[in-house]
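Trainee: Heads up: the sequence lines are chains A, B and C, in that order.
Following my numbering, the numbering of the first sequence begins with 1 at its first residue and continues without gaps.
Following my numbering, the numbering of the second sequence begins with 1 at its first residue and continues without gaps.
Following my numbering, the numbering of the third sequence begins with 1 at its first residue and continues without gaps.
No lab work stands behind these hints: they were computed from the structure.
Quick caveat: nothing in here was measured; it's all calculated off a predicted structure.
Do not take every clue at face value.
Said to hold, decoys possible - Listed next, the stretches of chain A that the computed footprint assigns to chain C, with coverage defined by at least 3 CB atoms under 8 Å from CB atoms of chain C:
{"id": "1", "segment": "80-89"}
{"id": "2", "segment": "144-153"}
{"id": "3", "segment": "160-171"}
{"id": "4", "segment": "213-221"}
Claimed, not checked - Short, incomplete list of chain C residues facing chain A, as computed with Cβ under 7 Å:
{"id": "5", "residue": "Gly3"}
{"id": "6", "residue": "Trp5"}
{"id": "7", "residue": "Trp15"}
{"id": "8", "residue": "Gly19"}
{"id": "9", "residue": "Leu31"}
{"id": "10", "residue": "His36"}
{"id": "11", "residue": "Ala39"}
{"id": "12", "residue": "Ala41"}
Claimed, not checked - Simulated restraints, written as ranges between beta carbons of each label pair:
{"id": "13", "chain 1": "C", "residue 1": "Gly3", "chain 2": "B", "residue 2": "Gly36", "range": "56 to 62 Å"}
{"id": "14", "chain 1": "A", "residue 1": "Pro166", "chain 2": "C", "residue 2": "Leu31", "range": "28 to 34 Å"}
{"id": "15", "chain 1": "B", "residue 1": "Leu157", "chain 2": "A", "residue 2": "Trp118", "range": "19 to 25 Å"}
{"id": "16", "chain 1": "B", "residue 1": "Ile108", "chain 2": "A", "residue 2": "Gly115", "range": "33 to 39 Å"}
{"id": "17", "chain 1": "B", "residue 1": "Met20", "chain 2": "A", "residue 2": "Trp120", "range": "30 to 36 Å"}
{"id": "18", "chain 1": "C", "residue 1": "Ala29", "chain 2": "A", "residue 2": "Ser194", "range": "27 to 33 Å"}
{"id": "19", "chain 1": "B", "residue 1": "Leu157", "chain 2": "A", "residue 2": "Gly235", "range": "48 to 54 Å"}
{"id": "20", "chain 1": "A", "residue 1": "Leu74", "chain 2": "B", "residue 2": "Leu62", "range": "47 to 53 Å"}
{"id": "21", "chain 1": "A", "residue 1": "Ala234", "chain 2": "B", "residue 2": "Pro191", "range": "40 to 46 Å"}
{"id": "22", "chain 1": "B", "residue 1": "Val202", "chain 2": "A", "residue 2": "Gly235", "range": "50 to 56 Å"}
{"id": "23", "chain 1": "B", "residue 1": "Ala70", "chain 2": "A", "residue 2": "Gly67", "range": "35 to 41 Å"}
{"id": "24", "chain 1": "A", "residue 1": "Trp120", "chain 2": "B", "residue 2": "Arg42", "range": "44 to 50 Å"}
{"id": "25", "chain 1": "B", "residue 1": "Pro120", "chain 2": "A", "residue 2": "Phe170", "range": "17 to 23 Å"}
{"id": "26", "chain 1": "C", "residue 1": "Phe4", "chain 2": "B", "residue 2": "Val202", "range": "43 to 49 Å"}
Glycine residues also receive a C-beta, built at the ideal position from the N, C-alpha and C atoms.
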Amino acid sequence: MLRYANPARFMKLSSTLVPWLGGLALAALAAGLYLGFAAPPDYQQGDMVRVMFIHVPAAWIAMMAYGLMALASLIGLVQRHPLADVAAKAAAPLGALLTALGLITGSLWGRPMWGTWWVWDGRLTSFLLLLFLYLGYIALWNAIEDEMRAARAAAILALVGAVNLPIIEFSVDGGTTLHQGESILRKGGPLIASVYLWPLALMALGYTLLFFTLWLLRIRTEIMTRRARNLMLAGEA
Amino acid sequence: MTALILRDIRLAARAGGSAMLALGFFAAVATLVPLGVGADLRLLARIAGGVLWVAAMLAALLALDRLFQADFEDGSLDVIALGPLSLEQTSFAKIAAHWLTTGLPLTILSPLLAVLFGLPSQAIGALFLSLLIGTPAVSAIGAIGAGLTLSIRRGGLILPLIVLPLLSPAVIFGAGTVLSALDGLRNGALPLLTAFSFAACVLSPFATAAAVRLNLGS
Amino acid sequence: MSGFWAMGDYAAYVWPAYGISAIGLLVAAVLVLRAHARAKAALARLGVKP
Numbered sequence: 001m002l003r004y005a006n007p008a009r010f011m012k013l014s015s016t017l018v019p020w021l022g023g024l025a026l027a028a029l030a031a032g033l034y035l036g037f038a039a040p041p042d043y044q045q046g047d048m049v050r051v052m053f054i055h056v057p058a059a060w061i062a063m064m065a066y067g068l069m070a071l072a073s074l075i076g077l078v079q080r081h082p083l084a085d086v087a088a089k090a091a092a093p094l095g096a097l098l099t100a101l102g103l104i105t106g107s108l109w110g111r112p113m114w115g116t117w118w119v120w121d122g123r124l125t126s127f128l129l130l131l132f133l134y135l136g137y138i139a140l141w142n143a144i145e146d147e148m149r150a151a152r153a154a155a156i157l158a159l160v161g162a163v164n165l166p167i168i169e170f171s172v173d174g175g176t177t178l179h180q181g182e183s184i185l186r187k188g189g190p191l192i193a194s195v196y197l198w199p200l201a202l203m204a205l206g207y208t209l210l211f212f213t214l215w216l217l218r219i220r221t222e223i224m225t226r227r228a229r230n231l232m233l234a235g236e237a
Numbered sequence: 001m002t003a004l005i006l007r008d009i010r011l012a013a014r015a016g017g018s019a020m021l022a023l024g025f026f027a028a029v030a031t032l033v034p035l036g037v038g039a040d041l042r043l044l045a046r047i048a049g050g051v052l053w054v055a056a057m058l059a060a061l062l063a064l065d066r067l068f069q070a071d072f073e074d075g076s077l078d079v080i081a082l083g084p085l086s087l088e089q090t091s092f093a094k095i096a097a098h099w100l101t102t103g104l105p106l107t108i109l110s111p112l113l114a115v116l117f118g119l120p121s122q123a124i125g126a127l128f129l130s131l132l133i134g135t136p137a138v139s140a141i142g143a144i145g146a147g148l149t150l151s152i153r154r155g156g157l158i159l160p161l162i163v164l165p166l167l168s169p170a171v172i173f174g175a176g177t178v179l180s181a182l183d184g185l186r187n188g189a190l191p192l193l194t195a196f197s198f199a200a201c202v203l204s205p206f207a208t209a210a211a212v213r214l215n216l217g218s
Numbered sequence: 001m002s003g004f005w006a007m008g009d010y011a012a013y014v015w016p017a018y019g020i021s022a023i024g025l026l027v028a029a030v031l032v033l034r035a036h037a038r039a040k041a042a043l044a045r046l047g048v049k050p
C-alpha cells in the first residue's frame, strides 16, 4: 500500500500544476503567434521564415520527449517504480505527434527553400527513424498483455533506441547536412535576429508547456484508470 | 554452449530450413529488382549494395521471430534458463546459431547475386566482406527484438517495426562499403560497419538476456 | 490584408504548415482532456475522489 503514497502525491501536485501550465502555454503560444506574424519577412526566406516558429519547437520537443521517455524508462527499470513506467508510456504518443508535425512542417519548409520535399541526410533520416522508434514503442506496449512485462520490454526498447539515435544521425553523412546548423546556442551568441528570436522562444516555451500539460494529464488519466480498475476488481472479489 | 548452438542449428535445419527460406527470399529480391528497374547495368551496379543489403537484412529477419518463441511456447526456454548457461550465454548461442543459419549462407550466396547487378569484382569483394561483418549485427540486434516480443502471439509486424530502425546504420554502412569500392574512394564505411557490428554483438547478449528474463519472470 | 494571406507567394506552404500543426495539437488536446474527464467520471461513479 505504501506504493500508492507517491501516486497520491503526484495527483495532488499535478492538479494544481496543470491549469497553470496550460494557461501559461496558451499565453506563450498566443504571444508567439502574434509576434511571429508581426515580424517582417526575412531578407532571404521571405515569409517562409514564419514556418520556423512551428517547425523548430516541434522538433525540439519531439526530441525532449524521447529523452524524458528514456529517462523515465531507466528509472522504471532500475527503481521498479510504477509511476516512472506510466510516465514513459504517457509521453510516447505526444512525442510521436510532435515528430510527425516536425517532419511535415520541415518538409513544407524544405520544398520552397531547398527545392525538395525530402533529403536523406543525417538529421532528417534520424528524425524520421525517431518516429518509427516511437511507433514501435507504442506498438510494444499495446502488444504485450501483462502490464508490468510491457513496461519493462518497452523500457528496454526505449533505451536501446536512445543509444542508436545518435549513431543513426552520424552514420548517414558523418555529420554533414543540408539542414540548418546550430544557430542559436552558439558561443558567439545567436545568429538569428532578435525580431525572430522572440517569437521562436515564445513558441518553444509554449510548445514545452503544452507538452508538459498534456503529459501530466495523460499520467493522471492512467493513474485514475488503473485505480478504477483495481477498485472494480476488488469490489467483485 | 557449443551444444546449444548445435542444437539450434539442427532445429533450424529441421524446421524446413529457415536458411532455405532466407536464401530463397534473398534470391527472389535479387532477381526481381533488376527486372523491375530495367537493364541499365550502370544504374544496377550503383543500387546493388543497397538493394542486396536490404534484401539480406529482411531475409535474416524472416527467421527471427521464432528465435525464442518456439522454446518459450513449449517450456524449454524455462529449462534452458535454469540450466548451466547464463541467459547472456544462451542469447549469444542463439545469435550465433541464427547467424550461422541465415547471415552466413546469405553472405556466401551474395557474390552470385551480385553478378546479376553487374557489380565489378572489387565491389563484389566489398559486398561479401560487408555482409560477412555486418550480418552478425543483424542477428544480434534482431535477437533483442525477438527477446522483447517472444510472448506476443502473431506479433507479425511488430518485430520488424522495432528492429529495422535500429539496424539502419548497418544498411547505411554496408551499402556505403560497396559504393566506396565502386567509386574507388575511401569513405570510412567499412571501419564504421565493423565497429557497429562489434559493439552490437558484444552488447546485444545483455540486452537480449534482459528481455528474455522479463518475459520469463513475473 | 490580401498581402498577409498571400505570405509573399508562399501561402501554399505556410498555411498548410500552420494548419496541420494547429489541428494536430488541438485534436491531441481534446483527446487528452476527454480521456482525463472520462477516467475521473469512472472514479466518481465508484464513489472516489481522485
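Trainee: What are the numbers of the hints that this structure violates, sorted from low to high?
Mentor: Violated hints (numbers, rising): 1, 2, 3, 5, 6, 7, 8, 9, 12, 13, 16, 19, 20, 21, 24, 25 and 26; every other hint is consistent with the structure.
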